[in-house]
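Student: Below, each chain spelled out in residue letters.
2 protein chains.
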Amino acid sequence: MIENVFYQAETQGHFEYYALGDLRLESGETLRDAKLAYRTFGTLNADKTNAILVTTWFSGTGKIMEDVYVGEDHALDPNKYFIIVVDQLGSGVSTSPQNNPAPQTMGKFPKLSIGDDVQAQHRLLTELFKISKLVLIVGGSMGGQQVYEWAVTYPDMVERAAPIAATARISLHQKVFVQALEEAIKSDPAWQNGWYSCGLEVREGMDRLAKIVATLGWSHEFYQEKRWASVLGMSSLDDFINGVMKAYFEPMDPNVLLCEMHKWQRADVGRHTDGNLAEALARITAKTCVMPISHDLFFPPDECEQDCKLIAGATVRVIETKEGHMGLNGFEPNYMAQVDSHLKDLLNA
Amino acid sequence: MIENVFYQAETQGHFEYYALGDLRLESGETLRDAKLAYRTFGTLNADKTNAILVTTWFSGTGKIMEDVYVGEDHALDPNKYFIIVVDQLGSGVSTSPQNNPAPQTMGKFPKLSIGDDVQAQHRLLTELFKISKLVLIVGGSMGGQQVYEWAVTYPDMVERAAPIAATARISLHQKVFVQALEEAIKSDPAWQNGWYSCGLEVREGMDRLAKIVATLGWSHEFYQEKRWASVLGMSSLDDFINGVMKAYFEPMDPNVLLCEMHKWQRADVGRHTDGNLAEALARITAKTCVMPISHDLFFPPDECEQDCKLIAGATVRVIETKEGHMGLNGFEPNYMAQVDSHLKDLLNA
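Residue numbers (the numbering used here), protein chains in the order written: chain A, 1 to 349; chain B, 1 to 349.
Among the hints, erroneous ones may be present.
If several chains are the same, the list does not tell them apart, and a pair holds so long as it fits within one copy or across any two.
Calculated pairs, BS3-like style, for lysine-lysine (alpha carbon to alpha carbon, straight line, at most 30 Å) [as the list claims (entries may be wrong)]: (1) 211 - 186; (2) 63 - 211; (3) 226 - 309; (4) 186 - 63; (5) 80 - 133; (6) 111 - 226; (7) 211 - 246; (8) 226 - 175; (9) 175 - 111; (10) 111 - 211; (11) 63 - 246.
Derived from the structure by calculation, the hints contain no laboratory data.
Let the sequences and hints guide you as you build the complete structure.
Tutor: The structure is reproduced here in C-alpha cells:
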C-alpha cells in the first residue's frame, strides 16, 4: 500500500465507501473486502424513481463529475434527482492497487473488467439504496463503456442511457494506443513490476504516457489553433505539455492507471453474446442517446454512430468541441451547455 | 561505427555516393567528409532539361522510392526523364550516425536540418550533373518537407513541385508526436545515449516506437475495416503489429531514426523569413501540386490545403486511401494510380 493524498478526501472532497465484501470477478478471481467509493447529491424520493448513476473515466474520479456535470445549473440537478456518482474500481479511490492491503496490493492487484465495475455498482444500488430503476445512467469515455455494459446487462433497470465519447466495443485502433500508454509506464525501470515505493519514482514513464495521451487526446485543430493558449491559458506548447499534461498525471498512481487501462482496452459488450455486437446491443431497452465528441480521435463520431444504429430507437447527438476527447473535462462553457441540453431532452423523453 | 547490412547495397540495391567533402551545416557545425547516396534512372539529355529529383521519408531509403515510384509504368518514367533518387542525410545510407567514423559517430553525430539536406542535394545536382533546372521535385512526408525547402530556397531551379503528404511547417501536434517517438527510443537503457554496440540491443525502445507509429501512421478506418488483413495479408492485430510494424523497424538503426526525427520536427520553411510562413511560401515560383492523403493523421488534408492557399497558382489533389499516412508505401495499386495521374498532369502542365 502507498499513502497517496491525491486519492483521499483532502483532494477528492467528501465521498462514502460501500463495503462490497468479497467480489467475485469476471476473471474468476475474488477481490476481497472490496470497497466502492461514491458520493450522492439530492434526495431519493419515496418510490425510488428519481435515481441517476454517473460513472467515471480513465484517470478521473468522482470529483470531476461532481464539479463539472452535477449541479442546479445542469441537467443532473440535485433538486430533481438523486444522483449517485461512483468511482470505478481501481480508480485510486475505490479499492485499488495502491490502497488495498497485501496480498492483493500493488503488483499483485487482480485484473479487473468493466463488467466487474457494473456488478459492484449494481450491488451498491440494489443493496444499499434498494433502487430497482435508474432514470438515467451517464458517463464519458471509460464511463461510457460502463454505461453500455449496464444497458446490456441490466436492461430492465436502465430507463435511459447516455454514453458520451465512448463505444460499446473498444476499437482495434484504440487498443493499440492504450497498449502504447501501458508500455510507457512499464518500460520505466522504476516501475519494478508495480513494486515502487512511491508513484513519483515512476515519473519518467508517467511523463512519457502524458505526451502520448497528448497526441490523440486532443484534436489536430486544438494544436492548429493553439487552443492550449486560448482555452487553457498556457503560454507555449511546452508550457501546455509540462503544465497541463504532465502535471495532470504526476500526482496519480501508475498501477491505478495500468489497472484502468487493462479494463479500457478490453471493454466489449459482445462478451455477453459470443462476440456478436449486434446481438448484445439489441438487448438494450433503455432510451439511448449516443453522444460522440466532434473532434474525438479516441472514439471518432462515426464509430459511435455505428453503435447507435444497432440500438433500437437510439439517437445520436454530436457534441461540437475542438478540444477533442479531452473536451470531456468541460474546459469550454459551450461543451457543458450542449451536454446539458442533450441530457435534458433525453430526461424529458 | 556499426556494421548494419540493412543500409548496404546487399539490402538497398545499387546506389552511388557523391563525396561532398566538408558540409557546413545550418547549425554552424561542419559534417566532415560527408557522402550523399543517390541512384539514377534514365539519361540526362544534352541540354539537361529532363531531370527529376526524388527525395526520401523518415525511415525510408532510395530503394522504396525506386521500387514503388519509378518505372516505365509510372509518371516517373526513365524513358522520358533523368530521375535522381537521393537518400536524405542521416538516413543510414548517406552519411549517418552509424556509418560515419569517429569523432562524428553514433552519439556524437551532429544534429542536421532539412535545410542541410537541400544544400547537399543542390551540390550533387549542380556540381556533379551541372543541372540548373529541375523539371520536378517530388517526395512524401519528410521527403515532402524537402520539396518545400527546395521550392522556397531555389525557386529559379524548381519548375514543378509535388509535396506528398507533407506540410511546409511541422504542426505542433506532429511535433509532440515525434517527441513521443524519440522518447520511446531514448528511454531504453540499452540506447546508452547513442553508444550501443548493435541496433538490436535497443529492440525494446524500437518496438515501443513501432507501436506508437501504428496509432497515427494508419487511419481509424484501417483498423475498423481490418485492412491489415485485406491489404497487408496479416492474420490478426498482433500479427500486424509484430509482423509489419515491429518487423519494419527492427533492422534499422536507432540513432538514424533519431537523427531523422530531429529534422522532421523542426521542418519549417518559415526559418527563411523570420517565421513568416506566408512570406516564405510566396517565394515559390514552381508549379506546385499539393498532394495530401485523404486519411492521413500526421499531415491532415486541411493542413496541407492551408499551405496550398499560400502558394501562387498551386493546386490540391487529394489521394484517396484508407491506409492513411502509411499509404505512401503503395500497398494499394489504386494509390500509385492516383499519384501517377496527378504527377502526369503536373508534368504536362
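Student: Does each hint hold? Answer for all of them.
Tutor: Cross-check of the supplied hints:
1. 211 - 186: Cα proximity of residue 211 and residue 186: in one copy and across copies (15 Å, 14 Å).
2. 63 - 211: within (24 Å within a copy, 33 Å between copies)
3. 226 - 309: between (35 Å within a copy, 20 Å between copies)
4. 186 - 63: Classified as within: same-chain Cα gap 28 Å, cross-chain 36 Å, threshold 30 Å.
5. 80 - 133: within (16 Å within a copy, 75 Å between copies)
6. 111 - 226: between (39 Å within a copy, 28 Å between copies)
7. 211 - 246: both (7 Å within a copy, 21 Å between copies)
8. 226 - 175: both (28 Å within a copy, 13 Å between copies)
9. 175 - 111: Classified as within: same-chain Cα gap 17 Å, cross-chain 35 Å, threshold 30 Å.
10. 111 - 211: For residue 111 and residue 211, the Cα distance is within 30 Å both inside one copy (25 Å) and across copies (23 Å).
11. 63 - 246: within (20 Å within a copy, 40 Å between copies)
Violated hints: none; the structure is consistent with every hint.
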